[in-house]
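Could you build all of it, start to finish, from the sequences and the hints given here?
Protein chains: 2
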Amino acid sequence: MSLCPVTSESLAAVIEERWNQFVDELAAFCSIPGVSADPAHKVDMERSASFLADGLTRLGFAVEFWGPADHPAVYAEKVSSAERPTVLMYGHHDVQPVDPVEEWDSPPFSPVVHDGALFARGAEDDKGQVWMHVKALETLLAAGDQLPVNVKLLIESEEETGSAHFEQILMEHRPRLSADWCIVSDTAFFGHDVPSICTRLRGLVTLEVTVTGPDIDLHSGGFGGAVRNPTQALASLLASLHSDSGHVQVPGFYDSVRSLTPAESASLQSLPFSEDVFRKEAGNIPALWGEPDFSPLERLWTRPTCEINGITAGYGGPGSKTIIPSRASAKLSCRVVPEQDPHQLGELVAAFLESNAPPEVRVTTRVGAAGRPVVIAWEQPLLVAARAVMREVWGKEPVESGTGGSIPPVEAIGRVLGIPCVLFGVGLPDAQIHAPNERFDLGQYKKGIRAIALLLIALSKEE
Amino acid sequence: MSLCPVTSESLAAVIEERWNQFVDELAAFCSIPGVSADPAHKVDMERSASFLADGLTRLGFAVEFWGPADHPAVYAEKVSSAERPTVLMYGHHDVQPVDPVEEWDSPPFSPVVHDGALFARGAEDDKGQVWMHVKALETLLAAGDQLPVNVKLLIESEEETGSAHFEQILMEHRPRLSADWCIVSDTAFFGHDVPSICTRLRGLVTLEVTVTGPDIDLHSGGFGGAVRNPTQALASLLASLHSDSGHVQVPGFYDSVRSLTPAESASLQSLPFSEDVFRKEAGNIPALWGEPDFSPLERLWTRPTCEINGITAGYGGPGSKTIIPSRASAKLSCRVVPEQDPHQLGELVAAFLESNAPPEVRVTTRVGAAGRPVVIAWEQPLLVAARAVMREVWGKEPVESGTGGSIPPVEAIGRVLGIPCVLFGVGLPDAQIHAPNERFDLGQYKKGIRAIALLLIALSKEE
Numbered sequence: 104m105s106l107c108p109v110t111s112e113s114l115a116a117v118i119e120e121r122w123n124q125f126v127d128e129l130a131a132f133c134s135i136p137g138v139s140a141d142p143a144h145k146v147d148m149e150r151s152a153s154f155l156a157d158g159l160t161r162l163g164f165a166v167e168f169w170g171p172a173d174h175p176a177v178y179a180e181k182v183s184s185a186e187r188p189t190v191l192m193y194g195h196h197d198v199q200p201v202d203p204v205e206e207w208d209s210p211p212f213s214p215v216v217h218d219g220a221l222f223a224r225g226a227e228d229d230k231g232q233v234w235m236h237v238k239a240l241e242t243l244l245a246a247g248d249q250l251p252v253n254v255k256l257l258i259e260s261e262e263e264t265g266s267a268h269f270e271q272i273l274m275e276h277r278p279r280l281s282a283d284w285c286i287v288s289d290t291a292f293f294g295h296d297v298p299s300i301c302t303r304l305r306g307l308v309t310l311e312v313t314v315t316g317p318d319i320d321l322h323s324g325g326f327g328g329a330v331r332n333p334t335q336a337l338a339s340l341l342a343s344l345h346s347d348s349g350h351v352q353v354p355g356f357y358d359s360v361r362s363l364t365p366a367e368s369a370s371l372q373s374l375p376f377s378e379d380v381f382r383k384e385a386g387n388i389p390a391l392w393g394e395p396d397f398s399p400l401e402r403l404w405t406r407p408t409c410e411i412n413g414i415t416a417g418y419g420g421p422g423s424k425t426i427i428p429s430r431a432s433a434k435l436s437c438r439v440v441p442e443q444d445p446h447q448l449g450e451l452v453a454a455f456l457e458s459n460a461p462p463e464v465r466v467t468t469r470v471g472a473a474g475r476p477v478v479i480a481w482e483q484p485l486l487v488a489a490r491a492v493m494r495e496v497w498g499k500e501p502v503e504s505g506t507g508g509s510i511p512p513v514e515a516i517g518r519v520l521g522i523p524c525v526l527f528g529v530g531l532p533d534a535q536i537h538a539p540n541e542r543f544d545l546g547q548y549k550k551g552i553r554a555i556a557l558l559l560i561a562l563s564k565e566e
Numbered sequence: 104m105s106l107c108p109v110t111s112e113s114l115a116a117v118i119e120e121r122w123n124q125f126v127d128e129l130a131a132f133c134s135i136p137g138v139s140a141d142p143a144h145k146v147d148m149e150r151s152a153s154f155l156a157d158g159l160t161r162l163g164f165a166v167e168f169w170g171p172a173d174h175p176a177v178y179a180e181k182v183s184s185a186e187r188p189t190v191l192m193y194g195h196h197d198v199q200p201v202d203p204v205e206e207w208d209s210p211p212f213s214p215v216v217h218d219g220a221l222f223a224r225g226a227e228d229d230k231g232q233v234w235m236h237v238k239a240l241e242t243l244l245a246a247g248d249q250l251p252v253n254v255k256l257l258i259e260s261e262e263e264t265g266s267a268h269f270e271q272i273l274m275e276h277r278p279r280l281s282a283d284w285c286i287v288s289d290t291a292f293f294g295h296d297v298p299s300i301c302t303r304l305r306g307l308v309t310l311e312v313t314v315t316g317p318d319i320d321l322h323s324g325g326f327g328g329a330v331r332n333p334t335q336a337l338a339s340l341l342a343s344l345h346s347d348s349g350h351v352q353v354p355g356f357y358d359s360v361r362s363l364t365p366a367e368s369a370s371l372q373s374l375p376f377s378e379d380v381f382r383k384e385a386g387n388i389p390a391l392w393g394e395p396d397f398s399p400l401e402r403l404w405t406r407p408t409c410e411i412n413g414i415t416a417g418y419g420g421p422g423s424k425t426i427i428p429s430r431a432s433a434k435l436s437c438r439v440v441p442e443q444d445p446h447q448l449g450e451l452v453a454a455f456l457e458s459n460a461p462p463e464v465r466v467t468t469r470v471g472a473a474g475r476p477v478v479i480a481w482e483q484p485l486l487v488a489a490r491a492v493m494r495e496v497w498g499k500e501p502v503e504s505g506t507g508g509s510i511p512p513v514e515a516i517g518r519v520l521g522i523p524c525v526l527f528g529v530g531l532p533d534a535q536i537h538a539p540n541e542r543f544d545l546g547q548y549k550k551g552i553r554a555i556a557l558l559l560i561a562l563s564k565e566e
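If you're matching them up, the sequences are chains A and B in order. Plus 103 on top of the position in the first sequence (first one is 1) and you've got this note's numbering. Plus 103 on top of the position in the second sequence (first one is 1) and you've got this note's numbering.
Just so you know, these hints were derived from the structure itself, not from any lab. Incorrect hints may have been included.
Residues of chain A clear of chain B, computed beta-carbon distances all greater than 10 Å [to be verified]:
{"id": "1", "residue": "122"}
{"id": "2", "residue": "248"}
{"id": "3", "residue": "491"}
{"id": "4", "residue": "517"}
{"id": "5", "residue": "523"}
{"id": "6", "residue": "549"}
Capping the alpha-carbon separation at 25 Å, the derived lysine to any residue pairs in SDA-like fashion look like this [claimed, not checked]:
{"id": "7", "chain 1": "B", "residue 1": "549", "chain 2": "B", "residue 2": "213"}
{"id": "8", "chain 1": "B", "residue 1": "383", "chain 2": "A", "residue 2": "460"}
{"id": "9", "chain 1": "B", "residue 1": "181", "chain 2": "B", "residue 2": "245"}
{"id": "10", "chain 1": "A", "residue 1": "383", "chain 2": "B", "residue 2": "462"}
{"id": "11", "chain 1": "B", "residue 1": "145", "chain 2": "A", "residue 2": "420"}
{"id": "12", "chain 1": "A", "residue 1": "145", "chain 2": "B", "residue 2": "421"}
{"id": "13", "chain 1": "B", "residue 1": "499", "chain 2": "B", "residue 2": "381"}
{"id": "14", "chain 1": "B", "residue 1": "145", "chain 2": "A", "residue 2": "422"}
{"id": "15", "chain 1": "A", "residue 1": "181", "chain 2": "A", "residue 2": "488"}
{"id": "16", "chain 1": "A", "residue 1": "383", "chain 2": "B", "residue 2": "466"}
{"id": "17", "chain 1": "B", "residue 1": "145", "chain 2": "A", "residue 2": "205"}
{"id": "18", "chain 1": "A", "residue 1": "181", "chain 2": "A", "residue 2": "156"}
{"id": "19", "chain 1": "B", "residue 1": "145", "chain 2": "A", "residue 2": "419"}
{"id": "20", "chain 1": "A", "residue 1": "549", "chain 2": "A", "residue 2": "126"}
{"id": "21", "chain 1": "B", "residue 1": "383", "chain 2": "A", "residue 2": "315"}
{"id": "22", "chain 1": "A", "residue 1": "383", "chain 2": "B", "residue 2": "315"}
{"id": "23", "chain 1": "B", "residue 1": "383", "chain 2": "A", "residue 2": "463"}
{"id": "24", "chain 1": "A", "residue 1": "564", "chain 2": "A", "residue 2": "482"}
Label pairs and their computed distance ranges (CB to CB) [to be verified]:
{"id": "25", "chain 1": "A", "residue 1": "454", "chain 2": "B", "residue 2": "450", "range": "36 to 42 Å"}
{"id": "26", "chain 1": "B", "residue 1": "171", "chain 2": "A", "residue 2": "213", "range": "35 to 41 Å"}
{"id": "27", "chain 1": "A", "residue 1": "173", "chain 2": "B", "residue 2": "213", "range": "32 to 38 Å"}
{"id": "28", "chain 1": "A", "residue 1": "205", "chain 2": "B", "residue 2": "346", "range": "33 to 39 Å"}
Quick reminder that beta carbons are idealized off the backbone N, C-alpha and C, glycines included.
Structure (structure tokens):
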């Protein structure tokens, strides 16, 4: 087995040469509206999977579709040599819904490049970072003649809806998925010039609560004053979830949350957190909110939350409609920290809402998808290698960061496949993922391609 | 001037002979989707006005369109003799929006007849009752050779959105509209077999409240725990409007509400109110709600209310979307009782919501259309005549009733034109107006046509 002759410079030269192609391809990928939450986009999910499959087939990968036919995960592998280590890459090609679509400056599936970024739904989360991996593989194959390690990719299409079939896919294909490490790029840098590796993800559980009153919408004049309005009852229930300062008031909500160790606290405190920058990234809010006994980063990364993601109730069209709506419902999601079981926490909130149902209405709940939280050790060979690559490409020592977000598959990969993961995301905190005008910084895309290639070379020398 | 030779029997014979035509015409009228709240139905509003105008022109009425071109009020008059008294008829041909459209058993604008009723949006409120007036005029002209009184009709097309131009129309055309009495059929009987005349209408004011947090929807993982969710803030604000028992907690909300006189209380108590029947009519609710110190009828007719008509916030589509929505808004409406100024009450609620805005979000309000409440004297010639006609047609002494609903034009007619109104509505309490599967009982339609004709005859003998 010969060592790969590729250098950082030769990689950079290939990327420079093919740069326009790399950007155009990403734009084409992002033009496919693969919204996994919406059944209307079934065909687009298949088109999105095919686009990715074609890109990998052209690089000589053997590609298969796994899982449900209407939400296929793309599996691809290219084995160089049984003697070399194997790297699994995980990502997702499905994207978030686009509404409120009227707030996009350009249509979400008509990608445009300006201000050094590509703007489109999925540009960063996670099509951009998935395509960055694919282009790193292309760059390695162009700069050398083979990949430095065996590579397997598993790119699912249900991450934005809770990865319903992902664990089943892992179970079913466990032997095929055997690898030494897993690289996941679905996170962001701590700041614009602060390279970082995330070692902490919150878990997630979703739930819905519906308050039903009259069988039908009632005339608010004919019945108002003697009938409990389900919207009023829902507002009261939702208001009871939080204290005015943001502490969740569901009994038992924080029961199994452990305190941070002094080292963990110190690590958090050492980060260059700026409240002003955060307020700006958070859509220019006038002030922060949340549990007063914890710092913002503690609240974001180490405390569970309960958020209302949407309310559907009564009339929202033009003008007015003087009704007492028949029903009102809300979609909620809780972020979960280590030691908490997400499904149990969802059930706890659901039971709290049901037990506080007023007698004049009916309250029903449904606990949905759940994903466990993740903590990754900073001092392990995979992260040491990844940190060195970041230092080389971005010229700075990366910091250990967390995210309040959730990537349930990362937890599943660790548990089912028993291999270490590195969260090698290069997004930026103001990328507006999940929101209108999502963008991927093209500087990060370019550096990320080289960094992934270099990380594979570094890992080929491990073991 | 010769007395009209028409009898109750000859009217009934004409109605029987033309019954299929009368039902078919009403179905055709109801098939026009004249939803005044929705600008998309502008053309339908014009079609609806033309349908009505054609029907009146065929009866020899001189017809004009008044008010805004896209929401025309239909004015029609037929003067028999300057010596006879003149009756003004008021109604509206615009209808409520139809959503939730999926809850209709048949499409709202494809009228069907079954179970003795015509089902369609507007079937009762108010196209059915307007067409009942038109058919009463046709019946009189067919049974005799002229109308017993001079008749003027003013049928507007903005009632369901607050009658924005109605008062202006009254002012502008005051001389043309001079009349001795006004008949309005836009209310319902107290019960299925309880003929009644309504003497009490609540007023109305609408308002909207919007809570704005981040400029954009935020990722609920990346930001949850440190950002106040506008949906949570809106839920808290809305929950603060009512006590758990339904008393409105806005300071000053009840300030100018006077207590009922012993006679008023006695009249209310004498009505055959059944909580079980009401619960059924109110969409089978498990229990009533509202201010514990007042009876249900007192709460419905004599107490102001504040209802949430709808909430628009975040994601309501399939699956989940883990966001902190950028903003959340609610549509509210308050019912207003005598001595209260509706606009002032709207401003009071708006100020309460704004003054309770948490510092992490921005709260804005907009007070919309307002209409004043109405009280009509029971012992006056117009009502005495109307009560006699009801007794004759329905075979029972009518009761004095109220409604919690609002018909602001009735107040305006009294104030601007200075003439007495009778609320001669023959709807039924379970007609599901403003809700899916609205219907007009055809037995009431038939009797109502004869009753209106008889009332005009009776009024020709007044003075």
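These are the hints, each one checked on the structure:
1. Against chain B, the non-interface label of residue 122 of chain A holds: every CB pair exceeds 10 Å, the least being about 29 Å.
2. Listed as outside the interface, residue 248 of chain A is consistent with that label: its C-beta sits roughly 41 Å from the nearest C-beta of chain B, beyond the 10 Å cut-off.
3. Every CB of chain B lies more than 10 Å from the CB of residue 491 of chain A, the least distance being 27 Å, so the non-interface label holds.
4. For residue 517 of chain A, the condition that its CB be more than 10 Å from all CB atoms of chain B holds, with the nearest at approximately 18 Å.
5. Every Cβ of chain B is farther than 10 Å from the Cβ of residue 523 of chain A; the closest lies at roughly 22 Å, confirming the non-interface assignment.
6. Annotated as non-interface, residue 549 of chain A keeps its C-beta farther than 10 Å from every C-beta of chain B; the closest such distance is 24 Å.
7. Restraint check for residue 549 of chain B and residue 213 of chain B: satisfied, since their Cα atoms lie roughly 21 Å apart, inside the 25 Å limit.
8. Distance hint between residue 383 of chain B and residue 460 of chain A is fulfilled; the C-alpha atoms sit about 21 Å from each other, no more than 25 Å.
9. Between the alpha carbons of residue 181 of chain B and residue 245 of chain B the distance comes to roughly 15 Å, so the proposed pair stays at or under 25 Å and holds.
10. With a C-alpha separation of about 16 Å, the suggested pair residue 383 of chain A and residue 462 of chain B falls inside the 25 Å cut-off, and the hint holds.
11. Only pairs whose Cα atoms come within 25 Å are accepted, and residue 145 of chain B paired with residue 420 of chain A is accepted, the gap being roughly 15 Å.
12. The hinted pair formed by residue 145 of chain A and residue 421 of chain B meets the criterion: a straight-line CA distance of about 13 Å does not exceed 25 Å.
13. At roughly 22 Å between alpha-carbon atoms, residue 499 of chain B and residue 381 of chain B fall within 25 Å of each other, so this suggested pair holds.
14. Our distance criterion of 25 Å between C-alpha atoms is met by residue 145 of chain B and residue 422 of chain A, whose separation comes to about 14 Å.
15. Between the alpha carbons of residue 181 of chain A and residue 488 of chain A the distance comes to roughly 22 Å, so the proposed pair stays at or under 25 Å and holds.
16. Restraint check for residue 383 of chain A and residue 466 of chain B: the C-alpha separation of about 19 Å stays at or below 25 Å, so the hint holds.
17. Taking the CA atoms of residue 145 of chain B and residue 205 of chain A, the gap is near 23 Å; set against the 25 Å cutoff, the hint holds.
18. Only pairs whose Cα atoms come within 25 Å are accepted, and residue 181 of chain A paired with residue 156 of chain A is accepted, the gap being roughly 13 Å.
19. As the CA atoms of residue 145 of chain B and residue 419 of chain A are separated by approximately 19 Å, the hinted pair is consistent with the 25 Å bound.
20. Of the pairs offered as hints, the one joining residue 549 of chain A and residue 126 of chain A holds, with about 9 Å between alpha carbons and a cut-off of 25 Å not exceeded.
21. For the given pair, residue 383 of chain B sits about 15 Å from residue 315 of chain A by alpha-carbon distance, which is consistent with the 25 Å threshold.
22. For the suggested pair residue 383 of chain A and residue 315 of chain B, the alpha carbons sit about 15 Å apart, so the restraint of at most 25 Å is met.
23. Among the hinted pairs, residue 383 of chain B with residue 463 of chain A is consistent with the structure: their alpha-carbon atoms are about 13 Å apart, no more than 25 Å.
24. Distance hint between residue 564 of chain A and residue 482 of chain A is fulfilled; the C-alpha atoms sit about 18 Å from each other, no more than 25 Å.
25. Judged by the Cβ atoms, the range 36 to 42 Å given for residue 454 of chain A and residue 450 of chain B holds: they are separated by roughly 41 Å.
26. Our hint of 35 to 41 Å for residue 171 of chain B and residue 213 of chain A holds, since their Cβ atoms are close to 38 Å apart.
27. The hinted window of 32 to 38 Å between residue 173 of chain A and residue 213 of chain B holds, with their beta carbons roughly 34 Å apart.
28. The hinted window of 33 to 39 Å between residue 205 of chain A and residue 346 of chain B holds, with their beta carbons roughly 38 Å apart.
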